[in-house]
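A.B. asks: Protein chains in written order, with my numbering: chain A, 198 to 485; chain B, 198 to 485; chain C, 198 to 485; chain D, 198 to 485; chain E, 198 to 485; chain F, 198 to 485.
Because the hints were derived from the structure by calculation, they are not lab data.
Please note that the accuracy of each hint is not assured.
Identical copies go unnamed one by one, so any copy, or any two together, can satisfy a pair.
[To be verified] Straight-line distance between alpha carbons at most 16 Å, and here's what the computed EDC-like set of lysine to aspartate or glutamate pairs gives: (1) 264 - 327; (2) 233 - 362; (3) 264 - 379; (4) 233 - 222; (5) 233 - 251; (6) 233 - 342; (7) 264 - 230.
Residues per chain, in single letters:
There are 6 protein chains.
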Amino acid sequence: MSVVEPRVITVPYEEGAYWRKGAKEGPEAILREAAKIRPFSLASGRRNPYVLADVMGNSPRIEPYAKLRSLDAIEAHVRHILEQGHAPVILGGDHSISLPVIRAMAARYGARQFGVIHFDAHSDTFDEVDGFAYHHGAVFRNIVEEGLVAPEAIFQFGLRGFVRDDGLTFADQHGIRYVLMDDFRRQGCQLAQYCPPDMPYFVSIDIDAVDPAFAPGTGTPVPGGFTSAEMLGLVRQLSAFQLIGLDLVEVAPVYDVANITVLLAAHLLCESLTHLHFVQLATEQVVA
Amino acid sequence: MSVVEPRVITVPYEEGAYWRKGAKEGPEAILREAAKIRPFSLASGRRNPYVLADVMGNSPRIEPYAKLRSLDAIEAHVRHILEQGHAPVILGGDHSISLPVIRAMAARYGARQFGVIHFDAHSDTFDEVDGFAYHHGAVFRNIVEEGLVAPEAIFQFGLRGFVRDDGLTFADQHGIRYVLMDDFRRQGCQLAQYCPPDMPYFVSIDIDAVDPAFAPGTGTPVPGGFTSAEMLGLVRQLSAFQLIGLDLVEVAPVYDVANITVLLAAHLLCESLTHLHFVQLATEQVVA
Amino acid sequence: MSVVEPRVITVPYEEGAYWRKGAKEGPEAILREAAKIRPFSLASGRRNPYVLADVMGNSPRIEPYAKLRSLDAIEAHVRHILEQGHAPVILGGDHSISLPVIRAMAARYGARQFGVIHFDAHSDTFDEVDGFAYHHGAVFRNIVEEGLVAPEAIFQFGLRGFVRDDGLTFADQHGIRYVLMDDFRRQGCQLAQYCPPDMPYFVSIDIDAVDPAFAPGTGTPVPGGFTSAEMLGLVRQLSAFQLIGLDLVEVAPVYDVANITVLLAAHLLCESLTHLHFVQLATEQVVA
Amino acid sequence: MSVVEPRVITVPYEEGAYWRKGAKEGPEAILREAAKIRPFSLASGRRNPYVLADVMGNSPRIEPYAKLRSLDAIEAHVRHILEQGHAPVILGGDHSISLPVIRAMAARYGARQFGVIHFDAHSDTFDEVDGFAYHHGAVFRNIVEEGLVAPEAIFQFGLRGFVRDDGLTFADQHGIRYVLMDDFRRQGCQLAQYCPPDMPYFVSIDIDAVDPAFAPGTGTPVPGGFTSAEMLGLVRQLSAFQLIGLDLVEVAPVYDVANITVLLAAHLLCESLTHLHFVQLATEQVVA
Amino acid sequence: MSVVEPRVITVPYEEGAYWRKGAKEGPEAILREAAKIRPFSLASGRRNPYVLADVMGNSPRIEPYAKLRSLDAIEAHVRHILEQGHAPVILGGDHSISLPVIRAMAARYGARQFGVIHFDAHSDTFDEVDGFAYHHGAVFRNIVEEGLVAPEAIFQFGLRGFVRDDGLTFADQHGIRYVLMDDFRRQGCQLAQYCPPDMPYFVSIDIDAVDPAFAPGTGTPVPGGFTSAEMLGLVRQLSAFQLIGLDLVEVAPVYDVANITVLLAAHLLCESLTHLHFVQLATEQVVA
Amino acid sequence: MSVVEPRVITVPYEEGAYWRKGAKEGPEAILREAAKIRPFSLASGRRNPYVLADVMGNSPRIEPYAKLRSLDAIEAHVRHILEQGHAPVILGGDHSISLPVIRAMAARYGARQFGVIHFDAHSDTFDEVDGFAYHHGAVFRNIVEEGLVAPEAIFQFGLRGFVRDDGLTFADQHGIRYVLMDDFRRQGCQLAQYCPPDMPYFVSIDIDAVDPAFAPGTGTPVPGGFTSAEMLGLVRQLSAFQLIGLDLVEVAPVYDVANITVLLAAHLLCESLTHLHFVQLATEQVVA
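Just chain A, same shape as in the assembly (with noise of 0.2 Å):
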């Protein structure tokens, strides 16, 4: 494992979703934003080591009608950047963006080779809708089924509200390791007491893993969510990880009210750059 640089790429895709969209204006808005934020970071007292505009990567191409070519263009284009020995920091877009996401990291570093960390309301384990596998509400079954990640591997944090019947059952049935909200914030919010060190991990962050009164810019939130302070927290524990890459996912900004949305996005990107440690794996077992 080495210290790489991040690389930040913006995927403006939205046809994974179903219900309400608009998570495609996400990136521009947030690098707006993002762009406006000095660089000193009070919480920890570091400067963030990037400028933004140095370490903006290229955007994969987006076909709105062709979602299959547009999550193969994603995949590739992650790999591309893998394979220039940087780690990708993903705006979307829908939540359906990490499949391809995780799939290129699978296939650089090799499957099962890391886990994740998932900040979300949803758990994402969900059936096909029409005959579709690869919706915004299927994304973690997918990663499993397709075997890239082990399920004990997966940590969800923040998952609440209410789910379709089959819910949890994929969940249970494969292992994957879910904290509910109220258990998770009884217990302090530390990842520590459940993410294992010594482990890899993709890190994704759903935007409606915060609470409605602080996140309302997404496309399906739910009550009860983390407050801004917790998520931003939440994004300074990671320090504690070595990190392969992220992404930040479904902020809609026709939803948002007041920017704030977008502002505690483009804050949680800032955070990311400043605080964690991107590492590239070891690549003899790549498989491509």
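Knowing the structure of chain A, use the given hints to seat chains B, C, D, E and F on it.
C.D. replies: Frame of chain A, contents of chains B, C, D, E and F only:
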């Protein structure tokens, strides 16, 4: 006491409000959002035993220009539901509708035979306005003065902010059991600490118990209130009690932003249906 | 030290802000909402001793195109209030107005004769911009550099997020006592732990100390701030101190949603009038 | 007939509205905006002869829970203004306030001694609702049935959209002179074509005469209405008539966007004060 | 040709849109508002012959992730309505739904047996995107290419703004009869000047034909469009024609302000039901 | 006179505004929307000869706290563009930026060598405020007083509403050619009737010339203005003139609704680039 099915009824009445109206639009908006909520509750690993459409009752006839006739219609309607062996779950409307609801309860089960657990920013024990006693700030005064519920069986949580000079005089003189917001939060928001477990209760939730950041869509918001997580937790705590009915009032969509108040109210409704135990009291003492 | 009446003055000045303006509209909006707030405080069982209309003072003449003249007019105005034996309670306007206010305080009571308790997301100790020193991000640098208040008597709470590179350099070099947001919350948000009780204080509340979910209506919001309950509690903690004045700044209604920021500010004003002890210092040392 | 000064009075009464309330907040909002409007009218090269503050009258006491008493108070108030030799310019409130206003007019000047020029999307000649006759959709029926104004002296402009089955029956049977929106626009929106010049008039402007794009802030908007330019032009056309008073009703700020309805209403008020000729009729026939 | 009853069907399909989605929410919102519209039309002194609830049909099954299957379901559904002897009045949904609707028409009545009157800011004759031909900007190209309607029987009104380079090439080459917005307004917006009276027509109303000030709630607004009065007038002009069906598409409530777009759409629906003549064509030529 | 390419420059300066600020955010918002506008203009059947990105120039350095220095920077920047043989197309910013722009024009081409066509709700000929002459309501007074343009070569369209007492005094005394809104509309909004064709012009478009229903996003809206269709038509009429530059000012996104003002401004920009003829004057008379 025997377990009964709830009946959800809508009471689009806002004529008890002075200040800012709009609660008339609450029920339709809440139901629209609740219809999209899935059946399986993550917080408890339990399925909502009711399909909302199956437990919807009729609604009383509301005549905006005929307040007293409307209140009578609400009372008659709730009595009918009770007589049919159901527990009323009422979506208001302004808070003044709780008076005819509790009149019906007392007529059915006898006066002073049950307590009330009341979540609100206000004690609603104020004097008449313009010579009119049945406004939304007087409902708990009316309930006490009509002898429907013993004052010491009324438990109020969430009170805060500033009130009229006669604010707590009535409550203090009659011995209503109120707990100020800060005190309640300091002790961990535990209902069991205040409400005896052996008493049947009616529950009255004024959405303004919740902080304006989480529930801006109401007529008389007061800063410093419950978070959405706290309010949802309180509803789940209610599962420890025997409940004879519940109302959820003062949701005014016109003041909402990003629909978050309505979304929270819809979740409170579904949590209630999933977690709470609705019962019927022995009715030998029925007055009617 | 003798107890004195407050005088509420409005300072609709926003020329010290760069970034997003709108704080000029704050005072009128806050007063409009405060006029509807009732007299009896539930949190303390105490009546607001003042009727807002009775303690309203005049306002200084603000000339938007003449910054320095406006700042001088603010200072003269506050001096006049102090000379009349009142304590100034100032509704801004942007934060740069605290400089002339504290100049007036120091002129009346002597430099370094009082401390400042300062709630803010930012330390406001930044260098000049465009060659202009009197902007809203420099006000505490100016106060220190002009020798008005001893740096070690300045207590800052709520700091968080990202700042310019020179962010805390000035504060560190001069010994300003700042407490980072997360540290402050971790210890329970207790002022008594930091601020010596035997010192008279001026209080400066920048509404952006509060989280954007609770106070979106401000020019430079930063996620992770105080909840409304925390901020109201902090104002009530201030009742343990002898205060010579207070300002409440940076409320920008144009960015507000559902008027919740204005409503919170109005409650902060009324809590202050109800709970706080305003005093006059001995003035033998007056410079003027 | 002699020229008299207007007196602007505010009537924050909305209890005559069923459907969507909010007109109670109209007067304060309109006055706030009108206070910022400059004195010199470009359209006529004439100065507003009145400073708004100088022609503000007191307001009647409104009791939201006492409709009839409120209507009586409005009537008494307007009679007092007339007796003092002023012409009332009333800011509502919902349209039902025009009934007590015109009762006062008829009491002072005699029934059927003046006409009414009425701008509205609706004819307001509907039957009682819930047994209540004095609602905002019945005001012109009431005026006719009480014999206050001759039906053939009532001129209605802007009518459009869909109404209840009894919509125009009353108007047709009694001979009210209404002009449908499209017909009126087709002939160029010329009042002189319909209203005899030798009759004194009261003017009643329901802001929903204006199209929702220009005046969304009202309770019962109907597409297809006047543009703001047309409405302002109509007010200026009124300068050709002798007017005994005017009301401007149904501005509901809560439904407004970007304050444009309020801004238009404030301009309509200032145009009225600048351009119109308010007169007093000979009062030998006064009934009181 | 014989007069038939309309059947209102809702098609919440938005997968044909690229750019900004949200048209899926249109039908529910329009129906909610239309349910409040009264029966008697002032513009014509005629009663709406239909109670909306009585002419509501079922809806086709929409599968968001299965575009082609959804389009087929729409077609089948409309064919069924036609076979039952009704005229379809369709609430979309994005504009791509007009293709299966017109396929059904052509299947029932024969290709090139009717014309289309089309109101829109765009000609919708653009080429495929991402290899997908059935998007909302291509629907009239598809209709022509599939030979469903003769190009010279397609009459487009409201075209304006900027389009892709291939914007009018297709329309010009095939002889579609489009009238640019300014030209149409200059001649008085008279349909009779362009559309032969002896041809049966299908009517397609894209709400973006209307100006963004009157109809902001749509995905691709273009300034300079019809006023609400003009659009309502055009619908009433349609009463001079024999119509076989109508669709009203692209209402996206999430972009609406003060609900004015939805309100206008609801009026357009009610005006259509009241004023228009829906007919059935002789079906000897039916293909199916 | 020879045809030249335009250069689009952004001037995010709002320090000339008193009242409501926010025009600083205009340029970025307009460009973001303009980037999505397609190349082919339906109104003229002509392609935009310029790709926006290709004609973007640099921007002057704006220093919010240094007004005069900022104005000088704007002037220098425009002079540089003129010297390079381009015509400046400036996106403001508040209207006070037109002074340095026209100073640059006069420096390059000679004073009184060109006229100005000015669209605005206000004449902008007011006296200084707070001793500051260079505010956005004084720009045309400054232009005349500095002798840059002959008053009789200034043509103002759209004036309406109410102004300060000195509103038209200056314009009348100096002979500025203003046309009141209603008069202009009555004659059909024909520029050719007022502006001699043989004179080169600078064009200045204040977005508040447009009615608040179509352009709410501005600091000082006045009802009764141009529709979006009228304003777009006026820009196209300008193709009959030889233009040396254009500015578009006072777009303040924070007051916008549904982005319609920004969308209109972006179309005005694209229509200008497509339809207008920008020229360079002979420069032998250059003063500098």
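A.B. asks: Decide, hint by hint, whether the structure agrees.
C.D. replies: Structure-based check of all given hints:
1. With identical chains, the CA atoms of residue 264 and residue 327 are at most 16 Å apart both within one copy (14 Å) and between copies (10 Å).
2. In this assembly of identical chains, residue 233 and residue 362 lie within 16 Å of each other by CA distance solely across copies; the values are 14 Å between and 44 Å within a copy.
3. Taking identical chains as interchangeable, the C-alpha atoms of residue 264 and residue 379 are never at most 16 Å apart, the minima being 36 Å within one chain and 39 Å between chains.
4. Taking CA atoms no more than 16 Å apart as the test, residue 233 paired with residue 222 passes between copies only; the shortest distance there is 13 Å, against 18 Å inside one copy.
5. For a Cα distance limit of 16 Å, the shortest separation of residue 233 from residue 251 inside one copy, 15 Å, qualifies, whereas the shortest one across copies, 26 Å, does not.
6. Proximity of residue 233 to residue 342 under the C-alpha cut-off of 16 Å is found in neither arrangement, the shortest distances being 41 Å within a copy and 28 Å between copies.
7. In this assembly of identical chains, the alpha carbons of residue 264 and residue 230 never lie at most 16 Å apart, being 28 Å within a copy and 26 Å across copies at closest.
Of the numbered hints given earlier, the model fails hints 3, 6 and 7; all others are met.
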